[in-house]
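S.K.: One letter stands for each residue in the lines below.
Number of protein chains: 2
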Amino acid sequence: METHTFFLYLLAILLTARLMAELAVRLKSPSVIGELLAGVVLGPSILGWLEPNEVLKLLAEIGIILLLFEVGLETDVKKLVSTGKKSFVVALGGFFIPFVLGFGLSYTFFNLSLLVSLFIGGTLTATSIGITIRVLSDLKRHQSREGQIVLGAAVLDDILGVVLLALLYEFSIGGGVSLANTSKVLLFVAAFFVLAPLAAKLMAIIINRYDTHSEIPGLIPSMIVSLVLFFAWLAHAVGAPELLGGFAAGLALSRRFFLPLGISIRTDENFAHRIEEQMRPIIHLFTPIFFVMVGLSLNLHQIDWTSPFIWSFSLLFFVVAIIGKFSGVLFIKESWKMRMIIGFAMVPRGEVGLIFAELGRVSGIFNNEIYAGIVIVIALTTIAPPLIMKWSYSKFGAPA
Amino acid sequence: METHTFFLYLLAILLTARLMAELAVRLKSPSVIGELLAGVVLGPSILGWLEPNEVLKLLAEIGIILLLFEVGLETDVKKLVSTGKKSFVVALGGFFIPFVLGFGLSYTFFNLSLLVSLFIGGTLTATSIGITIRVLSDLKRHQSREGQIVLGAAVLDDILGVVLLALLYEFSIGGGVSLANTSKVLLFVAAFFVLAPLAAKLMAIIINRYDTHSEIPGLIPSMIVSLVLFFAWLAHAVGAPELLGGFAAGLALSRRFFLPLGISIRTDENFAHRIEEQMRPIIHLFTPIFFVMVGLSLNLHQIDWTSPFIWSFSLLFFVVAIIGKFSGVLFIKESWKMRMIIGFAMVPRGEVGLIFAELGRVSGIFNNEIYAGIVIVIALTTIAPPLIMKWSYSKFGAPA
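Same order as they appear, the protein sequences are chains A and B. In this text, residue positions in the first sequence follow the numbering used here: the first is 5, and each later residue adds one. In this text, residue positions in the second sequence follow the numbering used here: the first is 5, and each later residue adds one.
Computed from the model, here is a short list of chain B residues facing chain A with C-beta under 10 Å:
(1) T7
(2) T9
(3) F10
(4) L12
(5) L62
(6) L63
(7) S218
(8) I224
(9) V232
(10) L233
(11) L289
The hints are simulated quantities; they were obtained by calculation from the structure and are not laboratory data. Don't be surprised by glycine CBs; every beta carbon is placed ideally from N, CA and C.
Between the sequences and the hints, there should be enough to build the whole structure, so can you do that?
M.R.: In structure tokens, the structure reads:
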């Protein structure tokens, strides 16, 4: 790609994302909806000016990892641990029930093959951690108790999703399913989450020491971004989603990071402040690219809107996608208001669902009709819940 | 490229750039030397871990444009205009004399063909605005009078370079040389430099108005980067180098921007401060990528160090490259100390020279030996002057 063409693309993304986000806010919707729709408008669905390409994908990937880094920075580890059991229940319920329902209905009701049915179930298990978190943060509820539960559940869901994707992929290429591999991945991911924040904390201490000594400006942006990239890479290396590396790095650098066993590593308040201040412009620059890319990846143009199969398929699975995620909420003890909010927050499939769908399409498991139906389900689950959540907060207020 | 591989590349670039820049400063050298050498070490010249690729090139390009934006932000337009005549003389002399000497010696002394000789002359005309400005800013002299003269001359040199490159390219594909085209380009560029800062200023006023109203954070990073990208694209569209678009946008947003004819557009000091504060982390993140890329693009490994032709060729043209740039300085009335500094500051060929050399190589005009010789000349002119300038400032002090 020519440099100046790329500049025009990036410009179009940043500008349209901003304009539509401002518009969304004026229409009393979360700003992330504006950014998603900016992608839909610019992309093949409507104008066809932009297509997802390698460079934009990489920048978008940096965007979501930096967003998770920011979320980690603002997270109180103690609170996250205290709501951990509930997050676990919400994640597990919202993972297995959509999978079972999605698989079962595809296999029996639509008479699809075993593999296709498994992939449909898999797609429905996804939760878009990015959209979920952005909506809560747009509504200024990401530090609330429901925000903590959703965050924990979304992180767990992402880990489960990666494991399932690996399993389905192995199964689809005829490799069978290896439980040993699965447990290895889970073990690695667990080890990562225990060790990564410790390692990141130690690195941050070294960066802090240099920051006060260096004569060259710009140590924090380049070194903190390096740290985040390193943990994203490490997360990938142990088999976890890359964005969780960003989250782990953020947790470690948070003001509210504590170590188990009472080991005390003093958090330098001033350093934490400088990190937040200098990283925020970078984070705000990159994250919209991610959400626009999700919109760009939704090609609504290819869907045959006259096909009755697509209509019945997508409407049925849209309902399944909502019921499935809500079932996790039934098992926790919270007010109905709280359950409603948590349930809706878990519904968006977003980019995680698209990854499943895309793998299904590329490997020939999904034909065009099924892929189109799945894309509609993903689009609906991605766009509707933020609107409902915003409405519900303003109608019923925040849960106690 | 896989995302995690890209993360590792970017991480290696940011980390090595920082480490070597810190090392350079401890060894009393400008930090940019460390970043250039980081590229040489990581690249094909030494370790061979990284190669310039499309994504890194685009990020590097954003880096240099943002650096020029920062330079523009810090530039006093009045001062720049007041030293403009001297900049003009320095640029013109330092452009034509290396060209004539380079062409003449290649054609007569080395018996090279007309086209090859023209391209060698062309390569020697280049001035790396990025390296020149970074060295002065590393030495905290970019706002001095010599800094202003060099900045103006480097900008003019870049414009002349683009025109020459276009002419040589036309000539090389047998299109002859069109004076009408050349004047059109020069006219467009002149119009760009008059109109772009005005347009950018107006846009900045709109951004400022929104910034105080918007509920969504991050307006400044995304909108100012959009502005810079837009003017980079516009610069390209009128036939000027993209980085000059960044410079024009920076000038317009500078606290010291004034309009001719006494038209007053109030510069909101508070807004200027917020722009500087929020753009700086982004600039500091991207610019090292550019200098590392210049180092990566220097493949010293392919050079046959035993060839007597390469030795005589590169040493002769290294001398020509220095004398050529110094000749511009002879025509201005300044102290010898000032002339020395300005002369050395104009010597680095850097990435601009490499663009000429690469075009020569790709189009088959340069054979491997000549290309290798040119690369040595570019490497020497790029690495030596920053060291000499640093030494000269600390030995003789700043010129009056």
